[in-house]
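Trainee: As you go down the protein sequences, you meet chains A and B in turn.
So the mapping is simple: the numbering used here equals the position in the first sequence, first residue as 1, plus 2.
So the mapping is simple: the numbering used here equals the position in the second sequence, first residue as 1, plus 2.
Just so you know, these hints were derived from the structure itself, not from any lab.
Don't take every hint at face value.
As the list claims (entries may be wrong) - With the Cβ distance kept under 8 Å, some of the chain B side facing chain A (calculated, not the full set): (1) Val128; (2) Gly154; (3) Leu316.
Unchecked claim - Negatives, chain A to chain B, calculated, CB over 10 Å: (4) Glu101; (5) Arg279; (6) Ala283.
Ideal placement from N, C-alpha and C gives every residue a C-beta, glycine not left out.
Number of protein chains: 2
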Amino acid sequence: MSLSELGEFGLIDRLRALTGEPPEGELWIGDDTAVLRAPGGTLLFTADLLVEGVHFDLAWTAPEDLGWKAIAVNASDVAAMGGTPRRALVSLGVRPGTEPGFLEALYRGMRACCDRFGLAVAGGDVSRASELVVSVAMLGNPAGRRVFERRGAAPGDTVCVTGTLGAAAAGLALLRAGRPARPDLAAAHCRPVPRVREAEVLRRHLPSAMIDVSDGLASDLGHLCAASGVGAQIGAERLPAVDLTGAGLDADPLALALTGGEDYELCFTIPPDRAARAAAAVEAETGTPVHLVGEVTDRAGELALTRAGQPEPLPLPPGGWDHFRS
Amino acid sequence: MSLSELGEFGLIDRLRALTGEPPEGELWIGDDTAVLRAPGGTLLFTADLLVEGVHFDLAWTAPEDLGWKAIAVNASDVAAMGGTPRRALVSLGVRPGTEPGFLEALYRGMRACCDRFGLAVAGGDVSRASELVVSVAMLGNPAGRRVFERRGAAPGDTVCVTGTLGAAAAGLALLRAGRPARPDLAAAHCRPVPRVREAEVLRRHLPSAMIDVSDGLASDLGHLCAASGVGAQIGAERLPAVDLTGAGLDADPLALALTGGEDYELCFTIPPDRAARAAAAVEAETGTPVHLVGEVTDRAGELALTRAGQPEPLPLPPGGWDHFRS
Numbered sequence: 003m004s005l006s007e008l009g010e011f012g013l014i015d016r017l018r019a020l021t022g023e024p025p026e027g028e029l030w031i032g033d034d035t036a037v038l039r040a041p042g043g044t045l046l047f048t049a050d051l052l053v054e055g056v057h058f059d060l061a062w063t064a065p066e067d068l069g070w071k072a073i074a075v076n077a078s079d080v081a082a083m084g085g086t087p088r089r090a091l092v093s094l095g096v097r098p099g100t101e102p103g104f105l106e107a108l109y110r111g112m113r114a115c116c117d118r119f120g121l122a123v124a125g126g127d128v129s130r131a132s133e134l135v136v137s138v139a140m141l142g143n144p145a146g147r148r149v150f151e152r153r154g155a156a157p158g159d160t161v162c163v164t165g166t167l168g169a170a171a172a173g174l175a176l177l178r179a180g181r182p183a184r185p186d187l188a189a190a191h192c193r194p195v196p197r198v199r200e201a202e203v204l205r206r207h208l209p210s211a212m213i214d215v216s217d218g219l220a221s222d223l224g225h226l227c228a229a230s231g232v233g234a235q236i237g238a239e240r241l242p243a244v245d246l247t248g249a250g251l252d253a254d255p256l257a258l259a260l261t262g263g264e265d266y267e268l269c270f271t272i273p274p275d276r277a278a279r280a281a282a283a284v285e286a287e288t289g290t291p292v293h294l295v296g297e298v299t300d301r302a303g304e305l306a307l308t309r310a311g312q313p314e315p316l317p318l319p320p321g322g323w324d325h326f327r328s
Numbered sequence: 003m004s005l006s007e008l009g010e011f012g013l014i015d016r017l018r019a020l021t022g023e024p025p026e027g028e029l030w031i032g033d034d035t036a037v038l039r040a041p042g043g044t045l046l047f048t049a050d051l052l053v054e055g056v057h058f059d060l061a062w063t064a065p066e067d068l069g070w071k072a073i074a075v076n077a078s079d080v081a082a083m084g085g086t087p088r089r090a091l092v093s094l095g096v097r098p099g100t101e102p103g104f105l106e107a108l109y110r111g112m113r114a115c116c117d118r119f120g121l122a123v124a125g126g127d128v129s130r131a132s133e134l135v136v137s138v139a140m141l142g143n144p145a146g147r148r149v150f151e152r153r154g155a156a157p158g159d160t161v162c163v164t165g166t167l168g169a170a171a172a173g174l175a176l177l178r179a180g181r182p183a184r185p186d187l188a189a190a191h192c193r194p195v196p197r198v199r200e201a202e203v204l205r206r207h208l209p210s211a212m213i214d215v216s217d218g219l220a221s222d223l224g225h226l227c228a229a230s231g232v233g234a235q236i237g238a239e240r241l242p243a244v245d246l247t248g249a250g251l252d253a254d255p256l257a258l259a260l261t262g263g264e265d266y267e268l269c270f271t272i273p274p275d276r277a278a279r280a281a282a283a284v285e286a287e288t289g290t291p292v293h294l295v296g297e298v299t300d301r302a303g304e305l306a307l308t309r310a311g312q313p314e315p316l317p318l319p320p321g322g323w324d325h326f327r328s
């Protein structure tokens, strides 16, 4: 079977079988970060690789933005476990003709994101490469020993998401088309704001499961449901889909919200009696709205969309982004 | 100034200025690993990027060997701080046409090295890329809070190295030339054995400074001396240079030992009254010989080679490997 038939997630399943079983209390492959037991407590450990031509295009991505984003996407993974990002290592693969000033701008962007969230780049590696590669590994601390995994959602829980969905995908579509992108949409793609502060508030309200929305809500909520052995039902009109008024983009906001990717919002589940209070606390303390968009069901693996209570087909198969299939 | 004029180490100096100053008790850029303070103690954190065509050539590198080496080079950095490697994350950039079996073999090689040294791959990331990239980040534990840095060498200390120097470079030269490589030389290049056990013994004997030999002894001892503000004098006949008898390679073993690179031996300094005992303990407990090859001097930045007590020119400038100059 080829890599394109196997797909990214098929490959990860195969590789997971080769890494062995984690000891009691650790969590390896399969969540937003690995969870490790260290002598003094629990650590969150995650890595993300950004490759030129796959994750970014330098035609419309400034080096400062790329640096910011490389830190932000890892910080988002730590936040999705209810943790606080602390230290990162950055390995760069660099084309030989690259201007040192370009790399300094990349580092300034990383530093800006680090400073905003109280973390730091503590080192890394640099090598020649034929395309720009930015590989970040990040350590975070959970709140005490408690981490918020993808598993844990129970039927009846409320499904919530922070912020807006689909804005990053709309921004990318405009940039790709070479059209002027509405500043908020371009920023959603180029300078995503990881929901670190929101996670710090949320964890006090004990969500039952949490994930960050990096591949589109349908895909990421699908991962959360699969890990929890449940399903979910989402109300189309309850989704905080991007408002495309005046954006000059002919796209379905609902489709972008469900399958667009790179929003780096948090999606979490929580018992319904605590949902409104958790949402209000996040909004009061961070200014970020939290939307109650659906319910967890006992129909394992089934993601259903309704509009005014009636079933509605999902606008696209909830496959999400696959590095080898797409 | 271009990257090729600035060079790898010039670039790192510029980027270091952009990452800020570490808090008390932490060490960021500039040693074999970063040293971090976590709630329960000290952590060692390191990353190494292996890029196809730069660090390895798949024409003579089996995927199992590449996987082994990706783990080994990071474990070597942790060992060089006197630490024990514990967990790694692996980010892979993969050409779309790659066979899944190739990646499984890569993972088997990583697992073999992990199993040998009691560590584990806890996760990572995978992406498309136009060349194979293996990016590893590794966490290790020091012995207590004590770490063995590059700085700390004092004039009069004895300079020691483990094992053999130049074998990996000899193996690479033979493989590159398409000639049958003596198995021990090929293995030195393809399956370097990080000196994890040796470091665990050594740290009980309190070396004054330590580094791993990844770029050639001249370069790495040069880094140690620079960090310590000292110089060193090495006896040519005391170096454990590779024996090329019957290897079919026309090369100077001394030059390979000093500038060959990728040996992943440990180079350390230690007060002379403890050197012989430390060397004997490592050899007794691990079987790896330790050679007393020279002395630390007060001539900061000066690396001198002698033969029978007479000055001998260094066979090559001690520049070591530079990713952008070479």
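Trainee: The structure should be examined with respect to each hint, and the outcome stated for every one.
Mentor: Hint check:
{"no.": "1", "hint": "Val128", "result": "holds (6 Å)"}
{"no.": "2", "hint": "Gly154", "result": "violated (19 Å)"}
{"no.": "3", "hint": "Leu316", "result": "violated (26 Å)"}
{"no.": "4", "hint": "Glu101", "result": "violated (7 Å)"}
{"no.": "5", "hint": "Arg279", "result": "holds (29 Å)"}
{"no.": "6", "hint": "Ala283", "result": "holds (25 Å)"}
Comparing the model with each numbered hint stated earlier shows that hints 2, 3, 4 do not hold.
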